[in-house]
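Q: The lines below spell out each chain.
Protein chains: 2
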Amino acid sequence: MKIIIDAMGGDNAPREIVRGALIANKEFGVDIILVGRVEDILQVLKDDGITDLPKGVEIAHAEQVVTMEDKAATAMKDKPESSMVLSLKLLNEGKGDALVTATNTGAVLAASTLIVKRIKGVRRGALVPTMPTPKGYCLLIDCGANVEVTEEYLLQFAFLGSAYSKLALGVDNPRVGLLNNGAEETKGTQLLKNTHNLLKNAKEINFIGNVEGNDAVLGTADVIVTDGFTGNVYLKTVEGVGKFFGDMLKSMFKRNLLTKIAALLCYKDIKAFKAKMDYRETGGAPLLGMSKPIMKAHGGSDAWAIRGAIKQAIPYAKCDFAGYISGQMETMKAMTSNAQSEVQT
Amino acid sequence: MKIIIDAMGGDNAPREIVRGALIANKEFGVDIILVGRVEDILQVLKDDGITDLPKGVEIAHAEQVVTMEDKAATAMKDKPESSMVLSLKLLNEGKGDALVTATNTGAVLAASTLIVKRIKGVRRGALVPTMPTPKGYCLLIDCGANVEVTEEYLLQFAFLGSAYSKLALGVDNPRVGLLNNGAEETKGTQLLKNTHNLLKNAKEINFIGNVEGNDAVLGTADVIVTDGFTGNVYLKTVEGVGKFFGDMLKSMFKRNLLTKIAALLCYKDIKAFKAKMDYRETGGAPLLGMSKPIMKAHGGSDAWAIRGAIKQAIPYAKCDFAGYISGQMETMKAMTSNAQSEVQT
Chain Z
0 MKIIIDAMGG DNAPREIVRG ALIANKEFGV DIILVGRVED ILQVLKDDGI TDLPKGVEIA
60 HAEQVVTMED KAATAMKDKP ESSMVLSLKL LNEGKGDALV TATNTGAVLA ASTLIVKRIK
120 GVRRGALVPT MPTPKGYCLL IDCGANVEVT EEYLLQFAFL GSAYSKLALG VDNPRVGLLN
180 NGAEETKGTQ LLKNTHNLLK NAKEINFIGN VEGNDAVLGT ADVIVTDGFT GNVYLKTVEG
240 VGKFFGDMLK SMFKRNLLTK IAALLCYKDI KAFKAKMDYR ETGGAPLLGM SKPIMKAHGG
300 SDAWAIRGAI KQAIPYAKCD FAGYISGQME TMKAMTSNAQ SEVQT
Chain W
0 MKIIIDAMGG DNAPREIVRG ALIANKEFGV DIILVGRVED ILQVLKDDGI TDLPKGVEIA
60 HAEQVVTMED KAATAMKDKP ESSMVLSLKL LNEGKGDALV TATNTGAVLA ASTLIVKRIK
120 GVRRGALVPT MPTPKGYCLL IDCGANVEVT EEYLLQFAFL GSAYSKLALG VDNPRVGLLN
180 NGAEETKGTQ LLKNTHNLLK NAKEINFIGN VEGNDAVLGT ADVIVTDGFT GNVYLKTVEG
240 VGKFFGDMLK SMFKRNLLTK IAALLCYKDI KAFKAKMDYR ETGGAPLLGM SKPIMKAHGG
300 SDAWAIRGAI KQAIPYAKCD FAGYISGQME TMKAMTSNAQ SEVQT
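Here the protein sequences line up with chains Z and W, keeping their order. The first sequence begins at 0 in numbering that gives the first Met the number 0 and counts up by one. The second sequence begins at 0 in numbering that gives the first Met the number 0 and counts up by one.
Rather than coming from a laboratory, the hints here were simulated on the basis of the structure. Quick caveat, the model's predicted, so the values are computed rather than measured. Some clues are possibly wrong.
One copy or two, it doesn't matter: identical chains are merged, so the pair holds either way.
In silico DSSO-like cross-links for lysine-lysine, where the CA-CA straight-line distance does not exceed 27 angstroms [stated by the list, open to error]:
| # | residue 1 | residue 2 |
| --- | --- | --- |
| 1 | K186 | K199 |
| 2 | K116 | K186 |
| 3 | K134 | K119 |
| 4 | K242 | K134 |
| 5 | K249 | K270 |
| 6 | K317 | K267 |
| 7 | K78 | K186 |
| 8 | K332 | K45 |
| 9 | K273 | K134 |
| 10 | K192 | K70 |
| 11 | K186 | K70 |
| 12 | K259 | K275 |
| 13 | K275 | K249 |
| 14 | K134 | K165 |
| 15 | K94 | K25 |
| 16 | K192 | K134 |
| 17 | K317 | K242 |
| 18 | K94 | K119 |
| 19 | K317 | K275 |
| 20 | K242 | K259 |
| 21 | K242 | K1 |
| 22 | K76 | K186 |
| 23 | K242 | K186 |
Just chain Z, same shape as in the assembly:
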């Protein structure tokens, strides 16, 4: 297993990216290609007192760096020699089994569609974060790649999310829910009503119906299907309330000597909860729909988060995700064309 790492992408590149990759190389025994400016990468190693590249780690030089300021649509054209573009090319050429990058989300979305390309028949790539629930985790598809969608996109999201949950996360018969403003099937926009009908008839999907925001948070579904706009609002709202409560707890426990003692008494629980909420463990979001495994790490990733994203990339690279989806493509196509003729009649 060889993982390509965009060593220059993200707020803390290259230092934290390189460090995270080396941890993963040691801990998971995966080979690593660090893509980026050789001198910058070597400087990180030198600063950390590493004189030789560890076994299984190589560097592929790329002169340019895509930043958060680069325009998503033109970053690839503007910076053809960037670590992002080279990483995608190496992945496309089969020089590695998966790519991990913390770069500009819009830029990598656009460039991966052009370089790595989507699985044949897949209409749109989707960004799929893993979100903690009280008893586990669930996937959110999409969370921002596609602000406007069609029934077909949403149907495909359901297939993509369900397949990833099953193949990469090992969830047995994953429950797929459609994020909506009510549980009844008559709820939501016309687009959602149509999508609900499509999903109801998808035998390949364990569709549990509409899920509301609170049900989604509380773990009713393993896969939450939604458009990128609503998914983004959902994701950020969860983050916001998390911060609200986290800050409240912190200031509560710091109030005075007695509450500081209280914090000590709850130390174990607080630690376990913090770990559960730590995005660094599950912070990689696969870019589903692409023909090769791409894992997008948080822009603010530190070494531990990069290690986490690589850890997530391994099962994704091991399963034949694209092959599985290709095998379902005829089913998806038939369902959508049936639905379209229904609308026409």
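Take the given structure of chain Z and dock chain W to it, following the hints.
A: Frame of chain Z, contents of chain W only:
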């Protein structure tokens, strides 16, 4: 000040509704009309050992009861003798200054449009809950009444929310934000981009631009403008994460003797936070856009929540909300027609 109370609406009617109304009558010195089955209401009083109707409290008999099972669109026609319909008629005839009801949301939305009617020129009524933020509260408009919207609806929501924040809640120059999937003005659907442009030019509104889900939760804006679908997902997601954290805290503090002691040490802070999060204090959501003040209380309201909704109804009834909005109607109309001609050219 006289408040009309739909004594039969909600899961805990009439008992909790009547009790809440009597608390408000005593605490705030407002007169009350309890609308509903006389025998049921008198039975509540009898059970509570009250032999005579308190001063300022009267009963208006209505035979029928609208339940959560009644269809929103036809409840009014199906149950013309219901407490909901009579309450709205009394409000419309000026027999009271405001109406508080915990009945079926869809039903009261539909019926109020027909009986009380919207302020002339207002396109849609909106349900506007108050949501806690770290340092205060903000309004969410809309949270479910309008799943599909136009630029004009959203513009009007901004005016309605801003006016309510100013007149009823006393917020000075309320900050109005548009819920979106990014802060930049190029973000979101075409509808949101158009709305952003409209709001930017609204001198009457303190428009602070797009707000993301996390900013909204953390109190960036006093008024969050969104469509009813996204607003509903947002509201329920906040509720869900709140429950997630609340349950976590509870089980943490109950784990063992030491954590129980910790809970005692933090007692004051926990109590203050619980109070802040208690929907019963601010659980009334005005139905903005109607020509008279209607306050929708939570379906599961207990007496304290009904008291809270009445408390909120008082400043709403005192300010001339409909008059204020009518005064801004020409501005809104001009803005929307300008925008439309821009789109056409």
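Q: All the hints need checking, so say for each whether the structure fits it.
A: Okay, the hints, checked on the actual structure:
Proximity of K186 and K199 under a CA criterion of 27 angstroms is satisfied intra-copy only: 14 angstroms inside one chain copy versus 32 angstroms between copies. In this homomeric assembly, K116 and K186 come within 27 angstroms of each other (Cα to Cα) only across copies, at 25 angstroms, whereas the closest approach inside a single copy is 35 angstroms. For a Cα distance limit of 27 angstroms, the shortest separation of K134 from K119 qualifies neither inside one copy, at 35 angstroms, nor across copies, at 50 angstroms. Both within a single protomer and between protomers do K242 and K134 lie at most 27 angstroms apart by alpha-carbon distance, with minima of 20 angstroms and 13 angstroms respectively.
In this homomeric assembly, K249 and K270 come within 27 angstroms of each other (Cα to Cα) both inside a single copy, at 13 angstroms, and across copies, at 15 angstroms. For the identical chains of this complex, K317 and K267 are neighbours neither inside a copy (35 angstroms) nor across copies (52 angstroms), given an alpha-carbon limit of 27 angstroms. For a Cα distance limit of 27 angstroms, the shortest separation of K78 from K186 across copies, 24 angstroms, qualifies, whereas the shortest one inside one copy, 45 angstroms, does not. Taking the closest pair of Cα atoms, K332 and K45 never come within 27 angstroms of each other, the shortest separation being 53 angstroms inside a single copy and 66 angstroms across copies.
In this assembly of identical chains, K273 and K134 lie within 27 angstroms of each other by CA distance both inside one copy and across copies; the values are 14 angstroms within and 24 angstroms between. In this assembly of identical chains, the alpha carbons of K192 and K70 lie at most 27 angstroms apart only when taken from different copies (18 angstroms versus 35 angstroms within one copy). Taking the shortest Cα distances, K186 and K70 sit within 27 angstroms of each other only across copies (13 angstroms), while inside one copy they are farther apart (37 angstroms). Taking the shortest Cα distances, K259 and K275 sit within 27 angstroms of each other both inside one copy (22 angstroms) and across copies (22 angstroms).
In this assembly of identical chains, K275 and K249 lie within 27 angstroms of each other by CA distance both inside one copy and across copies; the values are 17 angstroms within and 17 angstroms between. In this homomeric assembly, K134 and K165 come within 27 angstroms of each other (Cα to Cα) only inside a single copy, at 17 angstroms, whereas the closest approach across copies is 43 angstroms. In this homomeric assembly, K94 and K25 come within 27 angstroms of each other (Cα to Cα) only inside a single copy, at 20 angstroms, whereas the closest approach across copies is 78 angstroms. For a Cα distance limit of 27 angstroms, the shortest separation of K192 from K134 qualifies neither inside one copy, at 29 angstroms, nor across copies, at 39 angstroms.
Proximity of K317 to K242 under the C-alpha cut-off of 27 angstroms is found in neither arrangement, the shortest distances being 35 angstroms within a copy and 37 angstroms between copies. For a Cα distance limit of 27 angstroms, the shortest separation of K94 from K119 inside one copy, 21 angstroms, qualifies, whereas the shortest one across copies, 67 angstroms, does not. With identical chains, the CA atoms of K317 and K275 are at most 27 angstroms apart within one copy only, with a shortest distance of 25 angstroms there and 48 angstroms across copies. Taking identical chains as interchangeable, the C-alpha atoms of K242 and K259 lie at most 27 angstroms apart whether they share a chain (20 angstroms) or sit on different chains (25 angstroms).
Neither within a single protomer nor between protomers do K242 and K1 lie at most 27 angstroms apart by alpha-carbon distance, with minima of 36 angstroms and 42 angstroms respectively. Taking CA atoms no more than 27 angstroms apart as the test, K76 paired with K186 passes between copies only; the shortest distance there is 22 angstroms, against 43 angstroms inside one copy. Taking CA atoms no more than 27 angstroms apart as the test, K242 paired with K186 passes between copies only; the shortest distance there is 24 angstroms, against 31 angstroms inside one copy.
Of the hints listed earlier, those the structure fails to meet are numbers 3, 6, 8, 16, 17 and 21, in rising order.
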